[in-house]
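Protein chains in written order, with the numbering used here: chain A, 1075 to 1401; chain B, 0 to 256.
Calculated from the structure, these hints are not laboratory results. Built from N, CA and C at the ideal position, the CB exists for glycine as well. Treat the hints loosely; a few may be bogus.
[Unchecked claim] Derived Cβ-Cβ restraints for the label pairs, each shown as a range:
| no. | chain 1 | residue 1 | chain 2 | residue 2 | range |
| --- | --- | --- | --- | --- | --- |
| 1 | B | Thr34 | A | Gly1224 | 37 to 43 Å |
| 2 | B | Phe183 | A | Gly1224 | 17 to 23 Å |
| 3 | A | Asn1127 | B | Ala126 | 54 to 60 Å |
| 4 | A | Ala1101 | B | Val102 | 29 to 35 Å |
| 5 | A | Met1174 | B | Arg199 | 53 to 59 Å |
[As the list claims (entries may be wrong)] The calculated lysine-lysine pairs, modelled on DSS-like cross-linking and capped at a C-alpha distance of 25 Å, are:
| no. | chain 1 | residue 1 | chain 2 | residue 2 |
| --- | --- | --- | --- | --- |
| 6 | A | Lys1200 | B | Lys169 |
| 7 | A | Lys1214 | B | Lys14 |
| 8 | A | Lys1227 | B | Lys169 |
| 9 | A | Lys1106 | A | Lys1391 |
| 10 | A | Lys1117 | A | Lys1262 |
| 11 | A | Lys1162 | B | Lys14 |
| 12 | A | Lys1200 | A | Lys1214 |
| 13 | A | Lys1106 | A | Lys1157 |
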Amino acid sequence: MKAHIAAVTDPILKITGLDKTYPGRGAAPPVKALDNVDLEIRKGEIFALLGPNGAGKTTLIGAVCGLVRPTGGTIEAFGMGLKDDWRKIRARIGLVPQEMAVDIFETVHHSVTYSRGLFGRPADDKRIEEVLRALSLWDKRDSQLRMLSGGMKRRVLIAKALAHDPDLLFLDEPTAGVDVELRRDMWKQIDVLRELGVTIILTTHYIEEAEEMADRVGVIDSGRILLVDDKASIMTSLGRTEANFALNAPMTAIPASIAREGLALSDDGMALTFRGGDGAGGGKEAVAEVAQQLAREGIGYSAIDVRESSLEDIFVKLVEDRPEIAA
Amino acid sequence: MTAGFNAVSAWAIYKREVARAWRTVFGTIISPVLTTCLYFIVFGAAIGSRMNDIGGVNYGAFIVPGLLLLTLLSESTSNGSFGIYMPRFTGAIYELLSAPVSVAETLVGFVGAAVTKSLIIAAIILATATLFVDYTIAHPVLAFVYIVLVASSFSLFGFILGLWADGFEKLQMVPLLVLTPLTFLGGTFYSIDMLAEPWRTVALFNPIVYLVSGLRWTFFEQSDVTIGVAFAATAGFLALCIGIITWIFRTGWRLRD
Ligand SMILES: Nc1ncnc2c1ncn2[C@@H]1O[C@H](COP(=O)(O)OP(=O)(O)OP(=O)(O)O)[C@@H](O)[C@H]1O
Ligand SMILES: [Mg+2]
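Put together the whole structure using the sequences plus the hints.
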């Protein structure tokens, strides 16, 4: 039993002390894109790497997939070291890049078949058909990529990454520039892959996306991993709802009947602001309660503006809470 | 580094590159053949009829190996360079870099495809030449080996060019400013014996002279330099290109940031 537990918690990917400094070109100074990154990914999980533009997400993925040469640190995957066993490791990893980068004159079927071969897997038309059907690309299999829409091209990139049946899949901003419907579709696809036991690491700018998809979330900024935690606890500890009630008449003080933690009155008495709850939806309930209480007390308001914490707010708060990482 | 050769991957790259050439069959095959025909018409038929034999070989026949080489060099170089430059340019190279392939599979795939194209073109040119001049090849097997050697060397050279170039301009600059002049001055249309000193000695520093001489020897058993030297020079160039490419892959130069 004990051995079993150990096996389950063995990381599928283990990154230790990873550094990457891009050399400066000409007048441009060197860029430290990864700064002593430690990260462990568990087998079978969906891990979201959350961070703003330039945080180092793509660089981190590139270091694992062989696109970027790290300046320091070690990477292990499937219990092997990347330095020595890169061939075995890469054969089991799939990558969906952030940028649309394909030979646009190739047909969908050729492109995906090529990917499978390139990763050393024997030709298997049935498997290719399965992958194409799963991504609703089968009808487009003989189309050249240039004739597909942006969203369709993105699916082709996913199909190419899945063609060799990887155990570990990197999705670099899978839903960037994708409409709401396709985004839902993508989330469903990712769920299907999870069922199949594929471990997935995805990057995103959107906290909702991390919330929707991931089991665990890692927050990265300026090349440093700020924290790694279960999604639920991150949302609870960092998520916030903020609501502004624009009052019809100025108030001098908050009536005791509606006073609650997180509720504040603006200096001019014209706006009531609530800040609280957590990313798990508690905040919205509180806002609804405040609205009902205001109605009950006969306090009129002309507008409510509710918003959830943005990723930026979370970074600000993270840095405020942990001054050592702001240094 | 894990040893071994990933034949499935190399084959996948090769097939795809050949298919890519097939998509642009006009540019790949028709245009070099057309150019060669024009040369034969002008130099072989029109001017050649008024030229003396060179070393006992009719001038029209004399230029066949030179013309073949002219096309072989430029086609091998451009096939080799575009194959790797395009994915670098579009970013599609990410897939190759993330795949379980090393320099060996990459070269066999890309350069193998470039060489295949060059050999097809060479065969078509030799066939076309028979329409204009009479010639026989003294050592067909050696000629074939030599053509393969030259096609491989210059496909590799093109591959290096495709890795080095950071714009289309550079990609076209080297063939245009280096390869074409050296080829024309390398005895494609004449024997360097026809040059006066010091130009004859200067010409011996042109590596193309050895290629043309070697190939011409396999056709007519006569050449400007001995066949052994010519073979050695060509093989040396091939080894140099492989060495440079191995270094590039090991250091990631122009491939990995
Ligand atoms: N090839 C490169 N040369 C120099 N600097 C680079 C290179 N690639 C990335 N950088 C720099 O490294 C830092 C991290 O970039 P990276 O692309 O990893 O960020 P990211 O988190 O993926 O951002 P985004 O969300 O915009 O995709 C940035 O400051 C970026 O400018
Ligand atoms: Mg990125």
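Results for each hint:
1. Between B/Thr34 and A/Gly1224 the CB atoms are about 40 Å apart, so this pair conforms to the stated range of 37 to 43 Å.
2. At roughly 48 Å, the beta carbons of B/Phe183 and A/Gly1224 sit outside the given window of 17 to 23 Å.
3. Range check, A/Asn1127 to B/Ala126: about 58 Å between beta-carbon atoms, so the 54 to 60 Å window is met.
4. Separation of A/Ala1101 from B/Val102 is about 34 Å and conforms to the stated range, judged on CB atoms against 29 to 35 Å.
5. The hint said 53 to 59 Å for the Cβ distance between A/Met1174 and B/Arg199, and at roughly 56 Å that hint holds.
6. Of the pairs offered as hints, the one joining A/Lys1200 and B/Lys169 is violated, with about 43 Å between alpha carbons and a cut-off of 25 Å exceeded.
7. Taken as a hint, the A/Lys1214 and B/Lys14 pair is honoured in the structure, with Cα atoms around 22 Å apart against an allowance of 25 Å.
8. Simply put, A/Lys1227 and B/Lys169 have alpha-carbon atoms about 30 Å apart, too far for the 25 Å limit, and the pair is violated.
9. Restraint check for A/Lys1106 and A/Lys1391: satisfied, since their Cα atoms lie roughly 23 Å apart, inside the 25 Å limit.
10. With a C-alpha separation of about 20 Å, the suggested pair A/Lys1117 and A/Lys1262 falls inside the 25 Å cut-off, and the hint holds.
11. Simply put, A/Lys1162 and B/Lys14 have alpha-carbon atoms about 23 Å apart, close enough for the 25 Å limit, and the pair holds.
12. At most 25 Å may separate the alpha-carbon atoms for a hinted pair to count; A/Lys1200 and A/Lys1214 meet this at roughly 16 Å.
13. This hinted pair checks out: A/Lys1106 and A/Lys1157 have alpha carbons roughly 22 Å apart, not beyond 25 Å.
Against the hints set out earlier in the document, violations occur for numbers 2, 6, 8.
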